[in-house]
Amino acid sequence: MPLSTENILEHLPHRRMEAWKWTDVRTKVRGKEQGLSAEQRLDITCGEGIVVRREAQPKSESVMGKFADNFIRAAMVITVPAGFKSRTPVVIIAQGGGHARIVYKLGKGARLCVREVYESLDSVFSNIDIQFELAQGAGLTRTLFHNDTAGTVRIVTANINAWAEASIIQHTLSFGGALSRLETRVASFGENLKADIHGAYLLKGKRHCDMTSSIDLAAPGANIRQSVKGVTRGRARGVFQGKFHVRKSAQLTDAKMRHDVIMQSDTCEIRSKPELKIYADDVACAHGNTIGVLDESALFYMRQRGIPKAQAEALLTEVFVAEAFDNMANNTDFMTRISTWLEENS
Amino acid sequence: MIKINNLTATVNGGQQTILNGLSLEVPAGEVHVIMGPNGAGKSTLSYVLTGKDGYDVTGGCVDYFGQDLLALKPEERAAAGVFLSFQYPLEIPGVPTMTFLRTALNAQLKARGEEPMAAPAFLKKAREIAKTLKMKPDMLKRPLNVGFSGGEKKRMEIFQMMMLEPKFIIMDETDSGLDVDALRIVADGVNVLRRPDHCMLVITHYQRLLDYIVPDRVHVLAAGKIVASGDANFAKKLEKEGYDIYAA
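As you go down the protein sequences, you meet chains X and P in turn. Quick note: the first sequence uses numbering that gives the first Met the number 0, first residue 0, plus one each step. Quick note: the second sequence uses numbering that gives the first Met the number 0, first residue 0, plus one each step.
Quick caveat, the hints were computed from the structure, so don't treat them as lab data. Treat the hints loosely; a few may be bogus.
[Unchecked claim] With a straight-line cut-off of 25 Å between C-alpha atoms, the simulated DMTMM-like cross-links for lysine to aspartate or glutamate are:
no. : chain 1 : residue 1 : chain 2 : residue 2
1   : P       : 130       : P       : 164
2   : P       : 152       : X       : 312
3   : P       : 2         : P       : 180
4   : P       : 124       : P       : 180
5   : X       : 308       : P       : 180
6   : P       : 72        : X       : 294
7   : P       : 109       : X       : 312
8   : P       : 140       : X       : 253
[To be verified] One-sided and incomplete, this derived list gives chain P residues near chain X with beta-carbon spacing under 7 Å:
no. : residue
9   : 49
10  : 78
11  : 80
[Said to hold, decoys possible] Stretches of chain P that chain X covers, calculated by requiring three or more beta carbons in the stretch to come under 8 Å of a beta carbon on chain X:
no. : segment
12  : 89-103
13  : 106-113
C-beta: ideal position from N, C-alpha, C; glycine also.
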């Protein structure tokens, strides 16, 4: 039964829920309930050999996916045959508002690149729930670019189920929105998962970006590398919640998580919660979290050589953020966007 | 020329006076040396002249080729030709040496209203200077000073100095950490920049550097001001007798 305008807010996550305490969707959309029930049309392009269909799907497991299920009847299902290999990425461009669900099914040994662009043209509410099913030996390379208008509320939830020998390479660059959460949830059901999950957010004004992740390991031999870099200015808020859940069956896990932030104003805000739950005894798990400012000595050194302060700050910030994208096959687009942002906001 | 008149400066928000009425004149074309006991204010003088935050000038003035040096920002002083060879050169991870230096050079040229140096000309000049200083080619490809030995960092300072061709050079203990061969190479690089319209201030603890860079004047800095001066031979006397009589 469709939700009424009156009770729609009750189904949205809010600050009294532990996982959403720093990203209060309910409060942010209060008074704008009319825009919460639409279905979103996504612009999807993909190369030959990939099948895209619109199909009814089982209900989503995620909080915002369940919310989306109230308003949409079908998901876009993208099927990638076993052994498929292509350099042509699937490109998803989301510029409008509303709800959408996408389900990817990668067959055994398939290799897929997905490029997601979240760039609203107006102030909208957008909620996209994505499911990835990675069969044995499947490889997913996922790149997310996010740059919404200052009034947009954006939630993207990716649930990735990975079977034996699967691999994930994910890079995210976000310039935030009024409220945004780019969430990645990985569950391993087979051994030797390899996942590199990296990202950066650069926020100004009153923008908000939440990079939440949960890696749930239930099989041995996983190798996880995660790093998120943040730069905040003005009254912006950056949120990082990273969780490694290493179950008893996930012996020989090697997992590392980092979140490093440079705060460039007295009024910006960082909320960070690294979380390790380890039940296996033969594992290496680590997390690190740092928050600081640009190195004053390095800034003076650069200025002493003639580089103006704003340019020196931009250069140091750029190299700090660039580390998140060091192992990208091609990071030119991201680095250009970062340097442009720094140039425009210095 | 640079003329420092009755300069006083504090650190720690004014709680500690480091320079205490320092006066010094370095005419164009001359090399002057500052020696003195630890804590006398030698490095503070270099930071005050280059405009580092945290060093507050509370009195006096500095005339730099007719300009009020203290009114300029650090980058403006650099563009006007002031160069500090740091006692402890910074490592800047992620910034390739050549990118850093080209950015610096072109920023200075822009500030002076000159055309930027094109990449081929810049590379040619860099290669020639690196060869003169006997620097390993891979040093120019690495992030600035990252993984360099102490001596390599000092050599990199001289490399930058020769690339930027400043008018007023301050060398803050550039000789420390250098072996004899490196010292000679560095000194040769410095001597190339001795020109009639340039001047230098060399801060050092040791006379040995002055065997290669022969100064016009040697000054003793103690308790924040110049307390004695002499010619090139004065350094040998200081090394032999120490600073006790000046620090008293």
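Outcome of the hint check:
no., hint, in the structure
1, 130/P - 164/P, "holds, 17 Å"
2, 152/P - 312/X, "holds, 22 Å"
3, 2/P - 180/P, "violated, 34 Å"
4, 124/P - 180/P, "holds, 23 Å"
5, 308/X - 180/P, "violated, 37 Å"
6, 72/P - 294/X, "holds, 18 Å"
7, 109/P - 312/X, "holds, 18 Å"
8, 140/P - 253/X, "violated, 33 Å"
9, 49, "holds, 5 Å"
10, 78, "holds, 5 Å"
11, 80, "violated, 10 Å"
12, 89-103, "holds (count 9)"
13, 106-113, "holds (count 3)"
Checked against the numbered hints above, the structure violates hints 3, 5, 8 and 11; every other hint is satisfied.
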